[in-house]
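Peer 1: Chains A and B, in that order, are what the protein sequence lines are. When we follow this note's numbering, the leftmost residue of the first sequence carries the number 294, and every step to the right adds one. When we follow this note's numbering, the leftmost residue of the second sequence carries the number 11, and every step to the right adds one.
To be clear, the hints were calculated from the coordinates, so they are not data collected in a lab. Treat the hints with care, since some could be wrong.
As the list claims (entries may be wrong) - Keeping only pairs whose Cα atoms sit at most 25 Å apart, straight-line, the calculated SDA-like set for lysine to any residue is:
{"no.": "1", "chain 1": "B", "residue 1": "Lys209", "chain 2": "B", "residue 2": "Asn235"}
{"no.": "2", "chain 1": "B", "residue 1": "Lys209", "chain 2": "B", "residue 2": "Pro250"}
{"no.": "3", "chain 1": "B", "residue 1": "Lys286", "chain 2": "B", "residue 2": "Pro303"}
{"no.": "4", "chain 1": "B", "residue 1": "Lys295", "chain 2": "B", "residue 2": "Ala319"}
{"no.": "5", "chain 1": "B", "residue 1": "Lys209", "chain 2": "A", "residue 2": "Trp362"}
{"no.": "6", "chain 1": "A", "residue 1": "Lys367", "chain 2": "B", "residue 2": "Ile45"}
{"no.": "7", "chain 1": "A", "residue 1": "Lys348", "chain 2": "B", "residue 2": "Lys217"}
{"no.": "8", "chain 1": "A", "residue 1": "Lys482", "chain 2": "B", "residue 2": "Arg40"}
{"no.": "9", "chain 1": "B", "residue 1": "Lys209", "chain 2": "A", "residue 2": "Asp324"}
{"no.": "10", "chain 1": "A", "residue 1": "Lys348", "chain 2": "B", "residue 2": "Ile218"}
What the hints assert, rightly or not - Just a sample of chain A residues kept apart from chain B, beta carbon distances all over 12 Å, derived:
{"no.": "11", "residue": "Ala315"}
{"no.": "12", "residue": "Glu325"}
{"no.": "13", "residue": "Leu331"}
{"no.": "14", "residue": "Glu358"}
{"no.": "15", "residue": "Glu372"}
{"no.": "16", "residue": "Ala377"}
{"no.": "17", "residue": "Arg387"}
{"no.": "18", "residue": "Pro441"}
{"no.": "19", "residue": "Gly466"}
{"no.": "20", "residue": "Pro468"}
Note that the structure is predicted; figures quoted are calculated from it, not measured. All residues carry an ideal CB built from backbone N, CA and C; glycine is no exception.
Next come the chains, spelled out residue by residue.
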Amino acid sequence: MNPSEQELSYSREVRSNAEDVALIRRMCDADETALGALYDRWARSLYSLVFHLLKDPDEAEDVVEETFWQAWRKASSYEPSRGAVSTWLLTIGRRRALDRLRAKSRRKEESTHSGVLADIASPASDPLQMVESSERRSNVLTALRELPDEQREVLELGYFQGLSQSEIADTTGQPLGTVKTRMRLAMQKLREPLSMYREGAQ
Amino acid sequence: MNSLTHEEAYVELAAVSLDALPADLSAAVREHAAICPECGPELSVMEETVAQLGLLVPQRAMNLGHGAGIRSRLIMRARGERESRSAAAPGPPDIARGVASLSGLGHRLTPGTQRAVDAEVKKALPPQKRQRTVFSRSNVMAMAASVAFVILAIQLMRVTSDRNAMRDEIASRSATPVIHDTVKSPTFAPTSEKEALVKAMAGPDVKIVPLSTSRATRMGRMFWNRESNDWTMVVYTMPPPKPGKTYQVWRVTKDKKISAGTFQPDASGHAFMQAKYQLDRNALKAVAITEEPMGGMPSPTGQIVVSGAATP
């Protein structure tokens, strides 16, 4: 991506998150139509993530509903300085999905992270949001692919499979300390290429 | 867990951001990060970075009807909560009267509620469909179908259950259908009814049992508020039962099948039921719907049409 393209992507991101933040503010004022608008913007991404973790459409729908309800109830706790609204929503949803996953001890043995990297479908029904999300995903994917294999592996097992550090150590056959180190290094390397999205949230 | 040193917390920040630590250790790290000028911002950055990964999963579309139903339900819950917070406002809210129409008396939606439903329908439909409805008769029909669905989704549908049988069944098991209390109690104001409905279906202690056919087609949900003992069932796209038959709902425990009443879906296949029944919070194993002779049976005799397991 050349600098002008990156700048364009950044400006779109800022605008997109600014719109999300405006919706959160309206939710703080008890405007339920803002909740509907936020749902329209992010339900699909959220559903995709929690479905990927849970592998169950019914449970994934439940988590989506719980997540947006929590967003409504906790809208006032959202702090723009700590990240984008989409990040906030995806974090809530993922935690809820992991809670369910861990409560049921449903661990999937197969590793699907290679599929995650390979399969990127069209993200949204709104054309502008589709473009924005597509660019953002492309950037995230590029950043992830540039990680050393062993670092990318621990991130993918942790994030997409919902494994704990101990479980990652068991799965990879690496000492726990090695997993911790790889995870930390991976995070440090991902920070820089994805920093535009953090700044975009502010 | 004891407080962590800065070094101990710092090395775990990445794992915390990935939710890859045991809950107690994660809480201890967060506790430290909340007061540490170095770890706090670092954890925020890591969490923001990690969250970007969520955009990489293959995108999947939710079932359109389910998605619209969730959207409408969220808005109605939010509206209910907002209105309950401003209960001092004069005049009975239309939505509350709409909820009162769930009482099983076959009331039609009030004009205000109908407007709210219509508004929700417009929002629930994809924009391109909204536009096409202006020009296309087929899309007008689609809109009409969606109206029917959203009416279900926001629980503003008419109850068509055969109430007498349900009353007998449930009364014999010490259950009190809300649908009767709602009508009889003069002190049960519409706003309270609406709040009661919201509380029955929301809250931290509500167990949701998805109801599906044997082919895994989602047919509805049972909401069990274990704190208030409210049972609220919503089903949709139920085919009409055979002539002379009715659907009967069962709460399945380890050793009993307890009737929750009978119902007849409306022409769109929708039905809504509410009842109060006290059950041990861990006793429910499943919810099942069978087809039974009109009036219901003391125990199930027909095949299970729809069911759902109650996960712990």
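Peer 1: Determine which of the earlier numbered hints do not hold for this structure and return their numbers in increasing order.
Peer 2: 2, 12, 13, 14, 15, 16, 17
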